[in-house]
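Let the sequences and hints guide you as you build the complete structure.
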Amino acid sequence: NAGVTQTPKFQVLKTGQSMTLQCAQDMNHEYMSWYRQDPGMGLRLIHYSVGAGITDQGEVPNGYNVSRSTTEDFPLRLLSAAPSQTSVYFCASRGGTSFYNEQFFGPGTRLTVL
Amino acid sequence: SQQGEEDPQALSIQEGENATMNCSYKTSINNLQWYRQNSGRGLVHLILIRSNEREKHSGRLRVTLDTSKKSSSLLITASRAADTASYFCATTTNSGYALNFGKGTSLLVTP
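First to last, the protein sequences are chains D and X.
All residue numbers for the first sequence refer to this note's numbering, where the first residue is 177 and numbers rise by one.
All residue numbers for the second sequence refer to this note's numbering, where the first residue is 301 and numbers rise by one.
Worth flagging that the hints you see were computed from the coordinates, not collected in a lab.
Yeah, the Cβ is synthetic: ideal placement off N, Cα and C, and Gly gets one too.
Among these hints, one or two may not hold up.
[Claimed, not checked] Far from chain X by the CB rule (all over 12 angstroms, computed), these chain D residues:
| id | residue |
| --- | --- |
| 1 | Val180 |
| 2 | Gln279 |
| 3 | Val289 |
[As the list claims (entries may be wrong)] Simulated restraints on C-beta separations:
| id | chain 1 | residue 1 | chain 2 | residue 2 | range |
| --- | --- | --- | --- | --- | --- |
| 4 | D | Leu255 | X | Gly340 | 37 to 43 angstroms |
| 5 | X | Thr364 | D | Gly271 | 25 to 31 angstroms |
| 6 | D | Asp232 | X | Ser312 | 37 to 43 angstroms |
Structure follows, in structure tokens:
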């Protein structure tokens, strides 16, 4: 199993550009989520999904859009990039709906917005 | 809002010593988890302790949970240089699926 994969690893955008960060998992996990990690801030939840066709907002959803058309994929869209969105983005997945199941994280996407 | 708060922010020890990190949180939890993040990498799950458990072991890791004080500690015994990483606590409440992370403790283990 590849686990949780993310592409690209690095990305530089100009203010106002849009892009999609890709996330895929091959563990048939129902729960997937996106976090951003900023220096000194830990990880903050952007959006999450408990299954195909179901998404919800996390702590910092503004400026981001998600959809979940398949169990495997959970892309994160930046609608109009801003310098404040410069961060490292992590996708995670968890099997089932039990709170006791561990989350698996992807390797991250480092995004810089100029 | 972030639930957990790790202490200390940074810790430097020598190989063979024990490392202790603490985590405090604000609201009632379902479980508390500890993750490790090596520089530039994703997070790796270390251990989960349920709200009705007080202590849990996994290899060189020992986690305690005191729900009356809303705090947890992670002890790494006989530290190795390979333990150098950032360590995060994360909590789950009964009302949501999300993990709420603290800001992390940066551990440096020198040979």
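Verification of the hints:
1. Not every C-beta of chain X lies more than 12 angstroms from that of D/Val180, the closest at about 8 angstroms, which undercuts listing it as non-interface.
2. Separation of D/Gln279 from chain X is inadequate, the least Cβ-Cβ distance of about 6 angstroms not exceeding the 12 angstroms criterion.
3. Distance check on D/Val289: its Cβ is at least 19 angstroms (rounded) from any Cβ of chain X, clearing the 12 angstroms threshold; non-interface status holds.
4. At about 27 angstroms, the beta-carbon gap between D/Leu255 and X/Gly340 misses the expected band of 37 to 43 angstroms.
5. Distance hint check: the CB atoms of X/Thr364 and D/Gly271 are about 27 angstroms apart, consistent with the given range 25 to 31 angstroms.
6. Between D/Asp232 and X/Ser312 the C-beta distance comes to about 40 angstroms, which sits within the given range of 37 to 43 angstroms.
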